[in-house]
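Each chain, written out:
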Amino acid sequence: MKKLDRNQMAARVARDIPEGSYVNLGIGLPTLVADHLPKGREIILHSENGVLGVGPKPAAGEEDEDLINAGKEPVTLLAGGAYFHHADSFAMIRGRHLDFAVLGAFQVSVAGDLANWHTGGADAIPAVGGAMDLAMGAKKVLVMMEHLTKKGESKIVERCSYPLTGARCVNRIYTDLAIIDVKPDGLHVVEVVEGLSFEELQRLTGVPLKRLLTAA
Amino acid sequence: MKKLDRNQMAARVARDIPEGSYVNLGIGLPTLVADHLPKGREIILHSENGVLGVGPKPAAGEEDEDLINAGKEPVTLLAGGAYFHHADSFAMIRGRHLDFAVLGAFQVSVAGDLANWHTGGADAIPAVGGAMDLAMGAKKVLVMMEHLTKKGESKIVERCSYPLTGARCVNRIYTDLAIIDVKPDGLHVVEVVEGLSFEELQRLTGVPLKRLLTAA
Amino acid sequence: MCFLKWGGCHNGALPMIDKSFASAEAALADIPDGATIMIGGFGNAGMPAALIDALIAQGARSLTIVNNNAGNGDTGLAALIAAKRVRKIFCSFPRQADSWHFDRAYRAGEIELELVPQGTLAERIRAAGAGIGAFYTPTAYGTLLAEGKETRRIGERDYVLEYPIHADYALIKADRADRWGNLAYRKTARNFAPIMASAARCTVVQVREIAQLGALDPETIVTPGIFVKRVVRIGSSLRKAA
Amino acid sequence: MCFLKWGGCHNGALPMIDKSFASAEAALADIPDGATIMIGGFGNAGMPAALIDALIAQGARSLTIVNNNAGNGDTGLAALIAAKRVRKIFCSFPRQADSWHFDRAYRAGEIELELVPQGTLAERIRAAGAGIGAFYTPTAYGTLLAEGKETRRIGERDYVLEYPIHADYALIKADRADRWGNLAYRKTARNFAPIMASAARCTVVQVREIAQLGALDPETIVTPGIFVKRVVRIGSSLRKAA
Chain A
5 MKKLDRNQMA ARVARDIPEG SYVNLGIGLP TLVADHLPKG REIILHSENG VLGVGPKPAA
65 GEEDEDLINA GKEPVTLLAG GAYFHHADSF AMIRGRHLDF AVLGAFQVSV AGDLANWHTG
125 GADAIPAVGG AMDLAMGAKK VLVMMEHLTK KGESKIVERC SYPLTGARCV NRIYTDLAII
185 DVKPDGLHVV EVVEGLSFEE LQRLTGVPLK RLLTAA
Chain B
5 MKKLDRNQMA ARVARDIPEG SYVNLGIGLP TLVADHLPKG REIILHSENG VLGVGPKPAA
65 GEEDEDLINA GKEPVTLLAG GAYFHHADSF AMIRGRHLDF AVLGAFQVSV AGDLANWHTG
125 GADAIPAVGG AMDLAMGAKK VLVMMEHLTK KGESKIVERC SYPLTGARCV NRIYTDLAII
185 DVKPDGLHVV EVVEGLSFEE LQRLTGVPLK RLLTAA
Chain C
18 MCFLKWGGCH NGALPMIDKS FASAEAALAD IPDGATIMIG GFGNAGMPAA LIDALIAQGA
78 RSLTIVNNNA GNGDTGLAAL IAAKRVRKIF CSFPRQADSW HFDRAYRAGE IELELVPQGT
138 LAERIRAAGA GIGAFYTPTA YGTLLAEGKE TRRIGERDYV LEYPIHADYA LIKADRADRW
198 GNLAYRKTAR NFAPIMASAA RCTVVQVREI AQLGALDPET IVTPGIFVKR VVRIGSSLRK
258 AA
Chain D
18 MCFLKWGGCH NGALPMIDKS FASAEAALAD IPDGATIMIG GFGNAGMPAA LIDALIAQGA
78 RSLTIVNNNA GNGDTGLAAL IAAKRVRKIF CSFPRQADSW HFDRAYRAGE IELELVPQGT
138 LAERIRAAGA GIGAFYTPTA YGTLLAEGKE TRRIGERDYV LEYPIHADYA LIKADRADRW
198 GNLAYRKTAR NFAPIMASAA RCTVVQVREI AQLGALDPET IVTPGIFVKR VVRIGSSLRK
258 AA
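So the protein sequences, as listed, match chains A, B, C and D.
Just so you know, my numbering puts 98 at position 94 of the first sequence, and the rest follows in order with no gaps.
Just so you know, my numbering puts 215 at position 211 of the second sequence, and the rest follows in order with no gaps.
Just so you know, my numbering puts 133 at position 116 of the third sequence, and the rest follows in order with no gaps.
Just so you know, my numbering puts 51 at position 34 of the fourth sequence, and the rest follows in order with no gaps.
Misleading hints may appear alongside valid ones.
Unchecked claim - SDA-like, lysine to any residue: derived pairs with alpha carbons at most 25 Å apart: (1) Lys144/B to Glu173/C; (2) Lys166/C to Arg193/C; (3) Lys105/D to Gly124/A; (4) Lys76/B to Pro235/D; (5) Lys144/A to Asp35/C; (6) Lys143/A to Gly172/D; (7) Lys76/B to Arg193/C; (8) Lys144/B to His183/D; (9) Lys155/B to Pro188/B; (10) Lys154/A to Arg112/D; (11) Lys76/B to Tyr123/C; (12) Lys76/B to Ala52/C; (13) Lys166/C to Lys166/D; (14) Lys143/A to Ser40/C; (15) Lys166/C to Lys76/B; (16) Lys61/B to Lys105/D.
No lab work stands behind these hints: they were computed from the structure.
Next up, chain A with everything else stripped away, as it sits in the complex:
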């Protein structure tokens, strides 16, 4: 089978985001989505530190320490962008104004529970940032993650073993193997990568999957 690499995953997510959407891209893998948004399609990126209309990385030497994204990387502002303070920024998130949040994950459960902030290890120092706000606040939560852990275990699970970021909040999962919708009656496979059968995906995933007519 042809597993998707990180850029292919990002491009696949980008393809599904319609014109005019307001979108927050989480730190890490989701940030890559910005590089794959189709040219000429207007999509407005939100960064929770207080900006809408985030543009591409500035040219070397053009960085402005007062203009960064939530990952603390220098960014630019598109024409039509705006600034606001932190309470207003999270009011925007919590108040369900964002169309999509794209988040990384350790695990997603069949019920759509998300675990992405804390390994739960005894010695681990916890840090949550805006993850819980985004998980509960965006109209649609899209998760991007590898399908399997390095040990080959499924990250799509019956119940999350890691501490939750949010309960029943994930709408769709994009992995390097498949796209899966989380619905009240279970997990629906929307797409599978070339060369991978539904049965093999089912075997790798462990929890029950439903086959869509459009699935390979």
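Given the coordinates of chain A, assemble chains B, C and D onto it according to the supplied hints.
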């Protein structure tokens, strides 16, 4: 005795407001205070529709329909003034950032309860505006009112017979006869108009008053 | 796949966001009977007069209106009330010298009034936009307007529990917009508009000017376009008449 | 009669409001041990580096700090922690690649951590400034960070009850100020500053420039001077080093 007229009452209140204070002047009688603030003393007036640094009335023909005060009268903005929206304006009030609110009243009780929004009449249509927010929010609430009703009854009462605007919120009362502080142990007379004895004030007021050393 | 709802949707084919509408009529065409509508403005400052006129012409009935007042004279919100379109109104200061249409309807039992202290009204609208489920405010504790409401002592003070006010539509006025729906206001005309924009599913804005994208200084954009669905330019002659 | 407290008070004799202070040292001189201090900034954007340096030099101990992070590298808040001045910290994202001073102090049990989701942190600070006694938020419901907290179902959703965070001092950075303490910010350096300014009894601001009164466009003043007690101009060389 020499009862104070409305302008004399306003001037007396104005004298007590120190440099640098942030002040909201209620609609009606309190609005007059603005005309009596000492020249050269910087006092910053707040109007709850969303402005700090309210300046004097504009010259005839210079009115701007987008620049009004809470009484919906045209005003000007001082250098150093600022605009903000309604939630921010009342956050400022409720969050105890205003040094003084100067409010009119129907009645004030010995405990400092304020009644100034509703006569309680069966046919009366109630209207409250920002009065309850100002009563509970300002650091100090100063009341300006005539001492007696038209029928000669004291407006300073044991218990308010009109519906309350706020409980235990008044700090000082300015009337046409006296200035009275509301303290946990009762009402303290700070000043009495010329020609009025403490005993006569006590008789007119009805509820027990305490005599300050500075009282006439 | 289209997850989006309540969009402008009048120009879906063009590959560009454009929230501008040709007329107030077009921008309000889909308001159904029974809708909850926030109307911005405090006095004439920020009052979206052209949108209110269009709402009257549009004909929707049994509306719930959220506004600081209950109409003045014979125009605007007062005319909407006179036309018996309003079932319920949330406001802080209904009774005024010239609120005769409201006064009559209220006394006749034709209109329900929920009287809310002005700051609580603003905070309830803000809470709706900010996804807050409820909040405790000290305002109105111990008064008629807190009767029957849940209260709680927190620290040294007593508070009243208040719930958000959500709306289907917000009709507001701003000074300048762009095609993304970013808004800049002028002086005290700002008043309720930014919070109402955040609290409604479909915010419609009357503006003096629609500027090129990028022409508004990002530091002066008070309402980012995320809160705005539809923008209508109203000529300055109409603005003067407001 | 003087009802006012926490004023600038350094120039009481002059008949004019002037909140400017000659130095960061003078502006922070009265911070006592045990104070709760909010520190603005998100990354370097909006971080009041000169004020943090002055706080370290000033020597107050046993501080409670409110900041989105818990220090980076060996300067600023990290240096304050390294100097063992911090008893407790409220933040949303303490663990970072270069948060070694916090990591060590936390593992040694020298510092208490109250971990708060970023939006809840912002809303708790805003609630303090706005006089809200408590509020219900959906964020963190059903997670470790809501354990032991009061919850409530309102409508179709579950919420967690959260309380305001008040502070004695806020140390923030803005771009421009005037002598009344009005503030304008630059780009994403705005972040936590406006809400922290409202939540502290004494807000101290580091600015690039103190402009003439009236020079700031009233439409771009994000923090009105009512929230600000002290302003210190810090030269641009220091700003670059931040």
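Quick rundown of the hints versus the structure:
no. : hint                 : result
1   : Lys144/B to Glu173/C : holds (17 Å)
2   : Lys166/C to Arg193/C : violated (41 Å)
3   : Lys105/D to Gly124/A : holds (22 Å)
4   : Lys76/B to Pro235/D  : holds (20 Å)
5   : Lys144/A to Asp35/C  : holds (23 Å)
6   : Lys143/A to Gly172/D : holds (17 Å)
7   : Lys76/B to Arg193/C  : holds (23 Å)
8   : Lys144/B to His183/D : holds (20 Å)
9   : Lys155/B to Pro188/B : violated (29 Å)
10  : Lys154/A to Arg112/D : holds (23 Å)
11  : Lys76/B to Tyr123/C  : holds (24 Å)
12  : Lys76/B to Ala52/C   : violated (29 Å)
13  : Lys166/C to Lys166/D : holds (22 Å)
14  : Lys143/A to Ser40/C  : violated (30 Å)
15  : Lys166/C to Lys76/B  : violated (31 Å)
16  : Lys61/B to Lys105/D  : violated (51 Å)
In terms of the numbered hints stated before, the structure departs from hints 2, 9, 12, 14, 15 and 16, listed from lowest to highest.
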